Amino acid sequence: MIPVQFDYVAPTTLGEALTALSQHGDDAKIIAGGQSLLPVLRMRLNAPEMVIDLGKIEELRGIRDDGDAIVIGAMTPHAVVGSDPLVAEHAALIPKAIEHLADAQIRHRGTFGGALAHADPAGDLGAPVLALGATFVIAGPAGVRTVPADEFFVDLFETAINDDEILTEVRIPKHTGWGAHYEKFVRVAHQWPIVAVAATLQTNGGTISEARVGLTNMGSTPIRARGVEEALAGQPATADAVRTASERATEGTNPPSDLNGDAEYRRHLAGVLTRRAVLNAAGA
Amino acid sequence: MTAVQDAPAAESEIGKDRRRKEDQRLITGRTRWTDNIALPGMLHLAMVRSPHAHAKVLSIETAAANAMTNVVDVLTGADLGEAQGVNANAWPITTDQVTPNHLPMAIDRVAFAGEIVAVVVARTAAEARDAAELVDVEYEELPAALDLKEAAADTVLAHPDLGTNKSAFWQLDSAGQGSGRAIDEVLEEARRDGIVIEREYRQQRLIPAFMEPRSTVVDPTGEQITMWSATQIPHITRFLLAATTGVPESKIRVIAPDVGGGFGGKLQTTPEEWITWFVARRIGKPCKYTETRSESLVSAHHGRDQWQKLTLAATKEGRVTGLKVDLLADLGAYVGIVGGGVPVLGAWMFNAIYKWDAYQFNCTTVLTNKTWVDAYRGAGRPEATYAIERMMDELAAEVGKDPLEVREMNWIKHEEFPFTTVAGMTYDSGNYEAATAKAKQMFGYDELRAEQEQRRANNDTVQLGIGISTFTEMCGLAPSRVLGQLNYGAGGWEHASIRMLPTGKVEVITGASAHGQGHETAFSQIVADRLGVPFEDVEILHGDTQVSHKGLDTYGSRSLVVGGEALVLAADKVIEKARPIAAHLLEASVDDLEFANGRFSVRGTDQGTSITEVALATFASHNYPEGMEPGIDAESTYDPVNFSFPHGTHLCAVEVDTETGGLKLRKYVCVDDIGNIINPLIVAGQVHGGLVQGIAQALWEEAVYDDAGTLVSGSFVDYLLPTAADTISFEIDHTTSPSTTNTLGTKGVGEAGTIASTPAVVNAVVDAVRHLGINDITMPCTPERVWRAINHSGGGGADPTEESAMPHFSPDGPNQDHGETGEGEDL
Chain D
1 MIPVQFDYVA PTTLGEALTA LSQHGDDAKI IAGGQSLLPV LRMRLNAPEM
51 VIDLGKIEEL RGIRDDGDAI VIGAMTPHAV VGSDPLVAEH AALIPKAIEH
101 LADAQIRHRG TFGGALAHAD PAGDLGAPVL ALGATFVIAG PAGVRTVPAD
151 EFFVDLFETA INDDEILTEV RIPKHTGWGA HYEKFVRVAH QWPIVAVAAT
201 LQTNGGTISE ARVGLTNMGS TPIRARGVEE ALAGQPATAD AVRTASERAT
251 EGTNPPSDLN GDAEYRRHLA GVLTRRAVLN AAGA
Chain L
1 MTAVQDAPAA ESEIGKDRRR KEDQRLITGR TRWTDNIALP GMLHLAMVRS
51 PHAHAKVLSI ETAAANAMTN VVDVLTGADL GEAQGVNANA WPITTDQVTP
101 NHLPMAIDRV AFAGEIVAVV VARTAAEARD AAELVDVEYE ELPAALDLKE
151 AAADTVLAHP DLGTNKSAFW QLDSAGQGSG RAIDEVLEEA RRDGIVIERE
201 YRQQRLIPAF MEPRSTVVDP TGEQITMWSA TQIPHITRFL LAATTGVPES
251 KIRVIAPDVG GGFGGKLQTT PEEWITWFVA RRIGKPCKYT ETRSESLVSA
301 HHGRDQWQKL TLAATKEGRV TGLKVDLLAD LGAYVGIVGG GVPVLGAWMF
351 NAIYKWDAYQ FNCTTVLTNK TWVDAYRGAG RPEATYAIER MMDELAAEVG
401 KDPLEVREMN WIKHEEFPFT TVAGMTYDSG NYEAATAKAK QMFGYDELRA
451 EQEQRRANND TVQLGIGIST FTEMCGLAPS RVLGQLNYGA GGWEHASIRM
501 LPTGKVEVIT GASAHGQGHE TAFSQIVADR LGVPFEDVEI LHGDTQVSHK
551 GLDTYGSRSL VVGGEALVLA ADKVIEKARP IAAHLLEASV DDLEFANGRF
601 SVRGTDQGTS ITEVALATFA SHNYPEGMEP GIDAESTYDP VNFSFPHGTH
651 LCAVEVDTET GGLKLRKYVC VDDIGNIINP LIVAGQVHGG LVQGIAQALW
701 EEAVYDDAGT LVSGSFVDYL LPTAADTISF EIDHTTSPST TNTLGTKGVG
751 EAGTIASTPA VVNAVVDAVR HLGINDITMP CTPERVWRAI NHSGGGGADP
801 TEESAMPHFS PDGPNQDHGE TGEGEDL
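Protein chains in written order, with this note's numbering: chain D, 1 to 284; chain L, 1 to 827.
Derived from the structure by calculation, the hints contain no laboratory data.
This one's a predicted model, so the numbers in the text were calculated from it and none came from an experiment.
Mixed in with the good hints, there may be bad ones.
[Stated by the list, open to error] Facing chain D, a subset of chain L residues (Cβ under 10 Å, in silico):
1. 160
2. 161
3. 164
4. 192
5. 660
6. 778
7. 780
Glycine included, every Cβ here is placed at the ideal spot set by N, Cα and C.
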């Protein structure tokens, strides 16, 4: 478990990091919290010549209120995001997902932006940010651009971030007062989810006015369950209504088959877990 | 020999909840783990391993690796040749056992993925690892024998030159050995006028997954060549190094320093040890090899891996009349040190706590092109216990009785001990009624049965299952004469010596070799009581053949029941040697002396002297009896007269989510009878850890290979080990039936939890869904398997596990592009 030798820089500003990235191009890898990259390096699945550590860049950390959105710095550790009162108030789905993310050590080392940029379809943050309609702020040599969540996740371990760019922050539109639940199905606690469902919704006198649902590990990217969302809108938050709507959870999915279950089983789980997530989010 | 010590007095050390002496250094790591050892000029090794399950080695190109900075040498199997010795099988179970020659480093053919074909020697571990990737091996792949049943049919040969995959066939037959009737007769009767139940169970392959990876340091300088190794068996390793490499035993010192767990996985002499030994001697410098976790998972021996075909005969009322067992046991590519003996140890355990008329055990050991299989916590006994305890539940379902009632109809009553079983073993003591009654009460058995009925009636999404396991096991390996009859290559005694230091301190040397069990604490308690010295004044030394020159190490729940008894004998000898000296010092007659609480006193007077004062007097030697040796140190070798047979009743409640197949442990109660207890805190730790390990077989762990013979569950991402977060608080208690085969009245506990818990959990899972027409779910009972069983009702296990891993560290995709040096080398 010894990585191939690599050079290492730890810039203190975003500008320096971008310069280092453009200098080393394909030979460089960015390290945030290192919770995914280090195992990859230690198992020698990747051998970058240069590792650029973002850990010393203060401007990439922190959480702020920005009017209609909560802005989370990419280098903010999961544990900080998960216990932040602003996030809890305006994007309750996020702490619900972080509560069950890996284990306590990883939640303190791993970062919000790092996990999203890694784009593991079994990662716990993709489905919630997708459901919440987040916007990704990405800096590059040409300046800063924003990418909506729907376009951010491209494929397995692939995002809209180009090789010379760095994810700086994630803007989460406020969903103040929305119910939220993250229903995660695992065999052991520290495992990636076999399937998980992120649901957040607004209810009005027992009726669901709007619902947003994201699926974890049901394809090569996190997936927005738009069919379920449509079916839920205007429905009562009852077991029967939600059951019917949840049957659409498998639309557009292409789940993997592995030691924890085949695609058929995952599709079945997606339906059950969606129902449970929505009912829970509705407080029903 | 059969005298049993009275229940220990309240103020005695025995029975006290002593915190473990060794824990501070073990937990903080401020100690000597093998990988912490650094010697002047030490070189580091990296192994090059085959990615193929079965292949010819056509050529090995080492020049590029050799040219790397600070690489000292690169050696292949051809370089090592015969001088490397062999990794021996110490227990050929039959005289005609087919045993492939196991060279530590393969020369021209590899027989499993992970087998070593070359070693790189460099000044640092990182340089060795880098250079290892430049060793270019050309292979010609051969068809691989992977599936156990197919391998048993000899369709593809794991070792073509042997002509068969069947290593040995071993049978125990109650009629043949005169311990019962003929099984065929009994089966015939049951077919005519009773019940016959036939089942086939799978014991999946497990990986011992000890916490400390294996590590070896060899120092060839000096008169004795020293090997430090993370092993359970320093003494056996020394013997086998001498026997297979030609180095005189007197020139070898093996040290197992602090060792971080073993669970049987370090009961082996390994290719890595032998290669490090060879390289260090060849180069003349100290060498170290420490494996990575990935290497450990593919190359350290695995456990279990059996198919069990069972035919049980019973009367219509549920009295079992006989059992026929047909086992296929996967040995992997080579026969390990105990190898085929592991399934054979199960032969005496399938009959468990029950009284039958007839029994037959048939075991075929089979070679495949997978990682070798050997002892893993329980070794043969968990497999047997699983099979019979599952079958007893099946019988209960068949006759429509409570599974506890059916067990009670069949078990040995407490007044029947000592009891000779249908397998021919004589059980020392036990009280199954008492343990079961206590467990039932702690569990709230009747209340949970009522809740189960309620949930069934309501057709609840979450169903409740109750699982039972009334296990016994044989532990304390082993009476040497019995081992001799079984063709085992060594004895089963243990050795101890006691050195009485002049300052009053006591050094105790044991031949047992702890790797996390707490010997230092428990043994100190025994010696402190026996000699009447403070617990703190006793130091336990072990694991170094120069200090502990004689021993048979630690496995098979033997350290206390065999090693502890050797301590008692040695302590008694110390007292007897001290007695005439004390008499001399006190100017009294030996016959007037009595020894209690560390003191010799002259009967009827207030005169006396302590045993530590006698030790000091012999150190000075100014005044001692004419014609005597001035010393009271003593040693003893104890050979047990029989095994001891702990038992217990384990009850488990599991909730099954019928929508997802998800499982939740609700309650786990066990009442174990392990005889007298030396340290209840250590016992609780052993029971807790054992339970989790057994539960993990039931629910989580499985070594899975793909069709190419690659270990898919090759990291802890896919080989699921539970953590504290996955278990519940266990409720444990004890009944006490002291063993009659040793003076302390103790029985082993190291494996009990693991042996008992697996069937308790699976019985609970099956019980939760039995009303849906299910009578089996293959281990590990994954949610997917449970869900499939429910939805494709009819049971009989489940679809085979999908043979691919979760791709969290996949080299695909631009965020994780494949490094130039990573081709296929993920070890």
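Do the hints match the structure? See the list:
no. : hint : verdict
1   : 160  : 31 Å, violated
2   : 161  : 35 Å, violated
3   : 164  : 32 Å, violated
4   : 192  : 44 Å, violated
5   : 660  : 6 Å, holds
6   : 778  : 14 Å, violated
7   : 780  : 9 Å, holds
Hint compliance for this structure: hints 1, 2, 3, 4 and 6 are not met, and every other hint is.
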